[in-house]
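K.L.:
Protein chains in written order, with our numbering: chain H, 3 to 235; chain Y, 3 to 235; chain W, 1115 to 1336; chain U, 1115 to 1336.
One or more hints might be untrue.
Said to hold, decoys possible - So the derived label-pair ranges between C-beta atoms look like this:
hint	chain 1	residue 1	chain 2	residue 2	range
1	W	VAL1195	U	GLU1178	39 to 45 Å
2	Y	VAL212	U	GLU1178	26 to 32 Å
3	W	ARG1269	Y	VAL212	51 to 57 Å
4	W	GLY1240	H	ASN6	47 to 53 Å
5	H	VAL154	U	PRO1300	39 to 45 Å
6	W	VAL1195	Y	SER11	27 to 33 Å
7	Y	GLY157	W	LEU1173	49 to 55 Å
8	Y	GLU151	H	GLY157	15 to 21 Å
9	H	ASP156	U	GLU1179	45 to 51 Å
Honestly, the hints are just simulated from the structure, not real lab data.
None of the values given here were measured: they were computed from a predicted structure.
Don't be surprised by glycine CBs; every beta carbon is placed ideally from N, CA and C.
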Amino acid sequence: MPLNKVVSSFAEAVADVPDGAVIMMDGFGGPGGMPQQLILALRTQGAKNLTIISNTAGLPGFGATGKEPAINHGILVESGQVRKVIASFPVSPSPSRPTAFELAYREGRAELELVPQGTLAERIRAGGAGIPAFYTPTGVGTSVARGKETRVFDGRGYVLEHALKADYAFLRALKADRLGNLVYRGTSRNFNAVMATAARITIAEVDEIVEPGELDPEAIVTPGIYVKRIVKR
Amino acid sequence: MPLNKVVSSFAEAVADVPDGAVIMMDGFGGPGGMPQQLILALRTQGAKNLTIISNTAGLPGFGATGKEPAINHGILVESGQVRKVIASFPVSPSPSRPTAFELAYREGRAELELVPQGTLAERIRAGGAGIPAFYTPTGVGTSVARGKETRVFDGRGYVLEHALKADYAFLRALKADRLGNLVYRGTSRNFNAVMATAARITIAEVDEIVEPGELDPEAIVTPGIYVKRIVKR
Amino acid sequence: MIAPRLDREAIAMRVARELPDGAYVNLGIGIPTLVSQFVPEGRTVVYQAENGVLNYGPLAQREEELDVDLINAGGQFLLPVPGMAFFDSAQAFAMIRGGHVDVAVLGALQVSQTGDLANWMLPERGIGNIGGAMDLAAGARRIIVAMEHTDPHGRPKVVRECTYPLTGRACVSLVVTDVAVLEVTPRGLLLKEVAPGWTTEAVQKITEPRLLLAPDLKEMEL
Amino acid sequence: MIAPRLDREAIAMRVARELPDGAYVNLGIGIPTLVSQFVPEGRTVVYQAENGVLNYGPLAQREEELDVDLINAGGQFLLPVPGMAFFDSAQAFAMIRGGHVDVAVLGALQVSQTGDLANWMLPERGIGNIGGAMDLAAGARRIIVAMEHTDPHGRPKVVRECTYPLTGRACVSLVVTDVAVLEVTPRGLLLKEVAPGWTTEAVQKITEPRLLLAPDLKEMEL
Chain H
3 MPLNKVVSSF
13 AEAVADVPDG
23 AVIMMDGFGG
33 PGGMPQQLIL
43 ALRTQGAKNL
53 TIISNTAGLP
63 GFGATGKEPA
73 INHGILVESG
83 QVRKVIASFP
93 VSPSPSRPTA
103 FELAYREGRA
113 ELELVPQGTL
123 AERIRAGGAG
133 IPAFYTPTGV
143 GTSVARGKET
153 RVFDGRGYVL
163 EHALKADYAF
173 LRALKADRLG
183 NLVYRGTSRN
193 FNAVMATAAR
203 ITIAEVDEIV
213 EPGELDPEAI
223 VTPGIYVKRI
233 VKR
Chain Y
3 MPLNKVVSSF
13 AEAVADVPDG
23 AVIMMDGFGG
33 PGGMPQQLIL
43 ALRTQGAKNL
53 TIISNTAGLP
63 GFGATGKEPA
73 INHGILVESG
83 QVRKVIASFP
93 VSPSPSRPTA
103 FELAYREGRA
113 ELELVPQGTL
123 AERIRAGGAG
133 IPAFYTPTGV
143 GTSVARGKET
153 RVFDGRGYVL
163 EHALKADYAF
173 LRALKADRLG
183 NLVYRGTSRN
193 FNAVMATAAR
203 ITIAEVDEIV
213 EPGELDPEAI
223 VTPGIYVKRI
233 VKR
Chain W
1115 MIAPRLDREA
1125 IAMRVARELP
1135 DGAYVNLGIG
1145 IPTLVSQFVP
1155 EGRTVVYQAE
1165 NGVLNYGPLA
1175 QREEELDVDL
1185 INAGGQFLLP
1195 VPGMAFFDSA
1205 QAFAMIRGGH
1215 VDVAVLGALQ
1225 VSQTGDLANW
1235 MLPERGIGNI
1245 GGAMDLAAGA
1255 RRIIVAMEHT
1265 DPHGRPKVVR
1275 ECTYPLTGRA
1285 CVSLVVTDVA
1295 VLEVTPRGLL
1305 LKEVAPGWTT
1315 EAVQKITEPR
1325 LLLAPDLKEM
1335 EL
Chain U
1115 MIAPRLDREA
1125 IAMRVARELP
1135 DGAYVNLGIG
1145 IPTLVSQFVP
1155 EGRTVVYQAE
1165 NGVLNYGPLA
1175 QREEELDVDL
1185 INAGGQFLLP
1195 VPGMAFFDSA
1205 QAFAMIRGGH
1215 VDVAVLGALQ
1225 VSQTGDLANW
1235 MLPERGIGNI
1245 GGAMDLAAGA
1255 RRIIVAMEHT
1265 DPHGRPKVVR
1275 ECTYPLTGRA
1285 CVSLVVTDVA
1295 VLEVTPRGLL
1305 LKEVAPGWTT
1315 EAVQKITEPR
1325 LLLAPDLKEM
1335 EL
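In isolation and in its complexed conformation, chain H is listed as follows:
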């Protein structure tokens, strides 16, 4: 059978997400890069006790233009489906406007593992690349190094950080071919391309599905080997 990873609906794409699943999703900020339809479908599907690995824990309005609603994983926090977030930018920049996650965190309804953004990206990359752990200079001498192994190489201190993997990665890409090759648009690539590599089941929400050969083979960012399901918005 010719390879075809296209799934016909968002509901179908997320149907098998179990309670307790670990899910990676982009979320640098606003609507760019967010797998909005997958998130909406997961809210409807209702899986609970989720762990979300993302840059933020859902920031309303950040990076939005006002042209479209900025749906992000904050809605899963609001619906009580999220037990834990692993993030670098978990709360609103302004303390006077706490997000759903900050409230849940303060009330003990949600946990947080706070990770520097580059360490987050590198831990995800490591997860996808078969590297269980690596040393990084980031965070040495700060609270993020607390309880972690540190080690000196060439006279400088480094912290040991461990790979992150997930059960699912929800991606937002611009185009896919049915083999799962993906391209993104502009800065929306950010965490999407690296999360694509680190999940057991990677699902891409895309604007357009094209035939193999229509994407420039030199410009494919995520080769299809990483992608299990594709859904068109």
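Use these hints to put chains Y, W and U onto chain H, whose structure you have.
P.N.:
The following block gives chains Y, W and U in isolation, referenced to the frame of chain H:
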């Protein structure tokens, strides 16, 4: 001044390579991906006691089509400029046709650090990415793990491997803009794109130099931040 | 002695003069974002943002220019410019951690006399955003802090030891504030410039650690 | 009992039947490169090569098709096919090490009864090429060895302990040779199939470790 990394000749591009320099260069096989003109210029320039980090130690004929001579870093071994090679595929597949490097190695004129290919790529990536060391499953229980720290994560053994950096990286790319953004062609991308990140001075030999904006910003493989000099073939 | 403090633009203007021609620069949020508009004529500076863009230029201003797929790390909308390159977050931070970014300009809550930086959390909030700050602090070749000299309560932000959670240790090279320019040296903080109308004594008065005076101490040029 | 051994194509043909529909597969040099031409009708297999190409198809044959920028890891020239993707060596091995390649088919000098693999160096040469073999041995989800059952001197290549330098420990799942199909199990090597005309005794005779016999042992189907 507008940024302009274009250098007018190969001789000028390699003029400052000192004796004892560590140089990365591609070399999966034949002419594809090899910075042939930079290698020729370095032979003329004459720097000695070089350490070459490359997939091979120069394999005549591999991957060549007969349409053009397959110049590679083997000529620097022949000219006695190479003291050490760090490689994964250092000798000819057929023992009856030893390369210049194999002869030099047997006669004690050149050293070898033999590294699995994926570990080589990852050590170079680590060098470019500020990661001093990482654990990998590759080579556990084999001679490449000898004398190295091993460690168990989640019940599986891993070896600690260290970053590789270089004084120079000689790249072969298809196109550059004068800001140093690069694209490659086909499988010639292989070690070039990762070596670009790990040297103090990265020099790209390209077929064509274009104006900024002519390369698709979504398809740039090596962003200009990694590239110091560009020379047109 | 009660000379006015510099405004945020003037701080940014002074920082801009520190950026060498051809430098790759990452600008943090707050005052640092203002720096790009003051780069001296004839100098080229290339901006990197940790959400995955190199060589970005002016910000988008008009409603119809706003593109959710074209933002910098502060969430500001960008305009497309020739020579831009996009990459993913792992690559963006590989650049930063790998020492490819020449200068990062960051805001700060506190800077210590040994160059420790605290800029990610007010302890009273109990939760905060690290974002890319720790990676920039650890990875950029040179860290310039751009900030007001005192906090909203009038307390010194240049301190002997940071009391706020740290972003990085001994990472800051230069501090540009609304009253002075301080260099972090192995012997301590060197007062190199004072704002117009400010005396060294006045600066010292709102600075916790003892300042060393540069032999060529002068008035800040903007 | 002196039935003929299978030729290299027949070994490859038997291996091809092991590749599931939709599998991502890396083929080593030697007999493994022959596997792709025998994938059963109706099955799609996607090939990955560690020099940075996914979804490659047929080899280039004619002189005018040869393109130095389009080769697989064995240095064979490829034809462009729709859906191909190129990437760098770090990404290629991230795929392999990260467990994204479902099956690697590798040649071998020796395979031990516990699935140790030796395939990169003849000890008498004193120097050898590791290439991507160790990464594939460590990273691919399933390793199938395709080889002749004995070496050019007639010595068993299926051994109790590898005497040649190892490529990986306990990494091989299945061994397909010119006389048999062996599965590596926790209890030892399980003889699952013999080549047409071969008896279990004849296979055992040229195999160093004691073989377990599969209850459903059968003749190799090609």
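K.L.:
For each hint, tell me whether it holds in the structure or not.
P.N.:
Taking the hints in turn, this is what the structure says about them:
In this structure the supplied range 39 to 45 Å holds for VAL1195 of chain W paired with GLU1178 of chain U, their Cβ-Cβ distance being about 41 Å. Distance hint for VAL212 of chain Y and GLU1178 of chain U: a CB-CB separation of about 28 Å, consistent with the stated range 26 to 32 Å. Judged by the Cβ atoms, the range 51 to 57 Å given for ARG1269 of chain W and VAL212 of chain Y holds: they are separated by roughly 54 Å. GLY1240 of chain W and ASN6 of chain H have their C-beta atoms about 49 Å apart, which keeps the hinted 47 to 53 Å range intact.
Checked against the given bound of 39 to 45 Å, the beta carbons of VAL154 of chain H and PRO1300 of chain U, roughly 42 Å apart, stay inside it. Distance hint check: the CB atoms of VAL1195 of chain W and SER11 of chain Y are about 30 Å apart, consistent with the given range 27 to 33 Å. At about 51 Å, the CB distance of GLY157 of chain Y to LEU1173 of chain W agrees with the hint of 49 to 55 Å. With their beta carbons about 19 Å apart, GLU151 of chain Y and GLY157 of chain H fall inside the hinted range of 15 to 21 Å.
A hinted range of 45 to 51 Å for the beta carbons of ASP156 of chain H and GLU1179 of chain U is consistent with their spacing of about 49 Å.
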